[in-house]
Amino acid sequence: MSGPGDFPVRSAAATIRSGLRGRCPRCGVGRLFTSYLKITERCDACGLGFAGHDVGDGPVVPMIMVVGGLVVGLAWMMEVAFQPPLWVHALLWGPLTLGLSLGMLPLLKGLSVALQFRLRSTEEETKPGGT
600 MSGPGDFPVR SAAATIRSGL RGRCPRCGVG RLFTSYLKIT ERCDACGLGF
650 AGHDVGDGPV VPMIMVVGGL VVGLAWMMEV AFQPPLWVHA LLWGPLTLGL
700 SLGMLPLLKG LSVALQFRLR STEEETKPGG T
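Taking our numbering as reference, the numbering of the sequence shown is continuous, increasing by one, and the terminal residue is 730.
Please keep in mind that the hints were generated in silico from the structure rather than gathered at the bench. Incorrect hints may appear among the rest.
Unchecked claim - What follows is a set of in silico ranges between Cβ atoms, one per label pair, in the way DEER data are often shown:
#, residue 1, residue 2, range
1, Leu636, Phe681, 19 to 27 Å
2, Cys645, Ala674, 41 to 49 Å
3, Ser610, Phe681, 31 to 39 Å
4, Val679, Lys637, 41 to 49 Å
5, Thr633, Gly672, 19 to 27 Å
6, Gly651, Leu704, 16 to 24 Å
7, Met664, Ala689, 17 to 25 Å
We put the beta carbon where it would ideally sit given N, CA and C, even for glycine.
Generate the whole structure from the sequences, applying the supplied hints.
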């Protein structure tokens, strides 16, 4: 089965893996980002346009939930077990929060673009729902 432009239709799992790796969701080869979080105009391998793939702040919400829950849970466990001074908490959890957040954002943004590609094509004339 082929999709637009005679590209084979990829499985949902393959599309998601491509997004998490920062690769084009259609071909899995081209780069999705030109810089840290800037989505490229077109895939350099298959030519898929990403102009309509605006995920906005969508990836930030799950990142806040995961990182916040993890860091608060770890800080609480450390406080209960060891009762360290407050400067130890600041020294540990600030950099961990920043590192996890910066590490997760490209993954989640790539995943969002891949899911958007899979579920709502932006290159078709009429989008699902008639909008």
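Kindly indicate which numbered hints from before are broken by the structure, ordering the numbers from low to high. 1, 3, 5
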